[in-house]
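S.K.: Spelled out, the chains give:
There are 2 protein chains.
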Amino acid sequence: MVETESRVLVIGNKNYSSWSLRAWLVLAHSGLPFEEVRIALNEEDTDEKLERYSPSLKVPVLIENGITIWESLAICERIAEQVPSLWPSDPIARARARSVAAEMHSGFSAIRNQMPMNIRATNRNVEMTPDLEIDIRRILDIWRDCRSNYTSVKPWLFGDFSIADAMYAPVAARFRTYGVRGNATAESYIATVFSDPHMKSWSEAAFEEKEIIDVEEIGIV
Amino acid sequence: MVETESRVLVIGNKNYSSWSLRAWLVLAHSGLPFEEVRIALNEEDTDEKLERYSPSLKVPVLIENGITIWESLAICERIAEQVPSLWPSDPIARARARSVAAEMHSGFSAIRNQMPMNIRATNRNVEMTPDLEIDIRRILDIWRDCRSNYTSVKPWLFGDFSIADAMYAPVAARFRTYGVRGNATAESYIATVFSDPHMKSWSEAAFEEKEIIDVEEIGIV
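Line order of the protein sequences matches chains Z and H.
According to this note's numbering, the first sequence holds residues 1 to 221 in order.
According to this note's numbering, the second sequence holds residues 222 to 442 in order.
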């Protein structure tokens with residue numbers, strides 16, 4: 001395996017791009033050095049800029065020594081090959097962490113469409129629909145199952161921070177923005193997410209961005 | 222790591238459940254012993270049966286020694302931990318294989334919704350929409366990129382069969398059912414998929430199933 005000399009993560013707006021946040025959090029927690037390239041979404045030249053980096057025209061994209069790796073989950077797996085502690089070390093916990101990560105990756109369309117991430121926003125209202133209620137209940141079940149099975153002392157879903165937490169961090173942000181009433185486990189987990197230094201640094205950067213996008217209209221989910 | 226003594230894959234109808242096919246193909250190619258439990262979808266007692274096995278109420282689900290692992294991609298990763306050759310051995314090829322597998326896992330909603338898998342069907346028509354055209358073109362690009370980069374002799378996307386192929390096998394089935402005109406690479410890749418002995422055995426079982434589901438209506442994708 002060639003030693004990696006350069007690592008660039010291409011991301012969208014920190015305020016809006018939940019998939020960028022996922023990959024970025026994992027890279028930040030990995031301790032590996034990386035640069036970031038931010039491409040503001042929904043601008044006139046967005047597609048032109050994306051074409052330079054991304055075969056699927058989506059963010060995030062990781063470029064390691066000129067090799068392009070796309071899709072947040074594939075990027076996370078690539079980073080975890082270099083820093084295995086990003087998955088739980090126990091094989092059963094690791095399989096479950098991959099299950100909940102993949103469930104987030106492919107599902108929860110009601111949450112993703114009806115509650116788009118907007119880190120700067122507070123006190124947003126969202127109309128509760130049956131699909132949204134099912135999604136929220138399932139998320140609360142996942143968080144409770146993980147927390148009850150894996151730890152009482154360490155605060156992340158599987159004890160130490162893992163890729164599963166990166167996948168659910170944007171959901172924590174949404175629950176806070178839209179005032180979703182969870183339960184004690186959810187409250188405490190959301191607090192864990194927001195007390196993470198890397199999450200704090202991402203959020204601060206989101207507050208400094210100037211772009212305003214009507215995410216519900218253009219469907220950045 | 223505990224030696225696995227029992228391995229059960231819970232699947233849906235072989236004719237319709239494309240996600241079940243993906244996990245099943247990987248398990249079949251792994252050479253690991255497993256049993257299968259088939260739950261016919263869209264029946265009166267489907268949910269009741271699913272509740273016994275599946276925390277997300279979806280198929281497929283893998284149960285190893287009583288441990289439940291869900292989501293096709295997480296199931297594939299779990300099997301690949303036991304049979305690493307299910308991913309390409311070269312780290313760059315492996316990262317790309319994970320990128321295209323994850324892209325299938327989370328995307329292509331037009332193909333999944335407008336061209337539901339129906340292995341028994343032939344000569345189906347589908348109205349071409351801009352979204353469907355974009356999806357089809359992207360799939361053809363992925364197949365061409367993989368095939369041109371990784372092999373001229375071995376017929377799968379990354380040379381030998383990998384999890385990426387399992388992710389795209391149901392797309393090959395759909396292209397055949399709906400008569401999608403691809404290119405020489407696509408034609409040859411679809412032929413590779415259908416000449417696989419495990420794919421043949423799954424298809425034969427699909428032809429023996431009696432259930433008829435209006436997949437477009439209920440949205441098994």
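The reader is advised that the hints may include incorrect statements.
Claimed, not checked - Listing some non-contacts, in silico: residues in chain Z with all C-beta distances to chain H over 12 Å:
#1 Leu62
#2 Ala74
#3 Glu103
#4 Phe207
#5 Ile213
Unchecked claim - If the Cβ cut is set under 10 Å, some of the chain Z residues that face chain H in the computed set are:
#6 Pro91
#7 Arg94
#8 Leu140
#9 Asp160
Derived from the structure by calculation, the hints contain no laboratory data.
No residue lacks a Cβ here, since even glycine has one placed at the ideal position from N, Cα and C.
S.K.: State for each hint whether it applies.
M.R.: For each hint, the structure was consulted:
A beta-carbon of chain H comes within 12 Å of the beta-carbon of Leu62(Z); the shortest separation is about 9 Å. Listed as a non-interface residue, Ala74(Z) fails to keep its Cβ farther than 12 Å from every Cβ of chain H; the least gap is roughly 4 Å. Against the 12 Å criterion, Glu103(Z) falls within the reach of chain H, whose nearest CB is about 5 Å from its own CB. The beta carbon of Phe207(Z) sits about 28 Å from the closest Cβ of chain H, which is more than 12 Å, so the claim that it is off the interface holds.
With a least CB separation of 21 Å from chain H, Ile213(Z) remains clear of the 12 Å interface cut-off, as annotated. Hint on Pro91(Z) holds. Least Cβ distance to chain H is approximately 5 Å, under the 10 Å limit. A hinted interface residue such as Arg94(Z) counts as satisfied when its beta carbon comes closer than 10 Å to some beta carbon of chain H; here the least separation is about 8 Å, so the hint holds. The interface hint given for Leu140(Z) is broken, as the beta carbon of that residue sits about 13 Å from the closest beta carbon of chain H, more than 10 Å.
Evaluation of the Asp160(Z) hint against chain H yields a violated restraint, the C-beta minimum of about 19 Å exceeding 10 Å.
Of the numbered hints listed earlier, those contradicted by the structure are 1, 2, 3, 8, 9.
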